[in-house]
Amino acid sequence: MPTFDDVMRIIYNILVALLLSVSVVGCSAMYDQEAMPSHDRTTLVRVGALAPDFTVTTLDGKSVTLSQLQGRLVLLVFFASWSTDCHKQLDAVEAIQDNFDSDRFTTLVLSCGEELDKVRDFIAQRKYTFPVGVDTDRAIYSLYATEYLPRCFVIDPFGRIVALSAEYSAEEFHILCDIIASQLSVGEQL
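So my numbering is basically just the index in the sequence shown, starting at one, shifted up by 2.
Any given hint could be a false lead.
Label-pair ranges, simulated between beta-carbon atoms [stated by the list, open to error]: (1) R128 / Y150: 18 to 24 Å; (2) D119 / G50: 37 to 43 Å; (3) L118 / Q70: 32 to 38 Å.
Below, in silico cross-link-like pairs of lysine to aspartate or glutamate (EDC-like), each with a Cα-Cα straight-line distance of 20 Å or less [said to hold, decoys possible]: (4) K129 / E96; (5) K129 / D180; (6) K90 / E149; (7) K90 / D62; (8) K64 / E149; (9) K120 / D87; (10) K129 / D119; (11) K129 / E149; (12) K90 / D158; (13) K129 / E174; (14) K129 / E117; (15) K120 / D62; (16) K90 / D180.
Since the hints were made in silico from the structure, they are not lab data.
We put the CB at the ideal spot given by N, CA and C, even for glycine.
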């Protein structure tokens, strides 16, 4: 039976996750479409929505379907090798990857609009170790957004988007990491 302190810690973690996700996403519902920042206008999914399902082949030839990752928290990242912001984002993803329990958390990184060989060379050159899929025709990306890279989506174990960000900002990435840690902490306590 959980103690009062356990219950309060769970409530606190849920509130922190909600507050952090609001700060990442903003209050876009308060703006009309014209006044919304361009990132918000080009984002096709919102916090609380089910993440669109897809299947992608990774560089090592494995087929990954997002819905088959349910039960784990997923950091989904879209990138392009030509973008220096994407390089910073991927460096940050590589750095945090081992900070979280791999049985409950995974990263899935997808290139957007690039050919397999170019992506393979880029990943090998930068020595990234996370799973990378290739979305050559941007069909998967188009389920989530219409422009701006990199894009990050944190997807909870039930397949719902709990946080998102567009383009790279170290501050926003730290917020995403805090949300991931909070989500994993809440799941651990339940």
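Against the structure, the hints come out as follows:
no., hint, in the structure
1, R128 / Y150: 18 to 24 Å, "21 Å, holds"
2, D119 / G50: 37 to 43 Å, "38 Å, holds"
3, L118 / Q70: 32 to 38 Å, "22 Å, violated"
4, K129 / E96, "9 Å, holds"
5, K129 / D180, "25 Å, violated"
6, K90 / E149, "18 Å, holds"
7, K90 / D62, "23 Å, violated"
8, K64 / E149, "27 Å, violated"
9, K120 / D87, "18 Å, holds"
10, K129 / D119, "15 Å, holds"
11, K129 / E149, "27 Å, violated"
12, K90 / D158, "24 Å, violated"
13, K129 / E174, "24 Å, violated"
14, K129 / E117, "18 Å, holds"
15, K120 / D62, "14 Å, holds"
16, K90 / D180, "18 Å, holds"
When each numbered hint is compared with the structure, violations occur for hints 3, 5, 7, 8, 11, 12 and 13.
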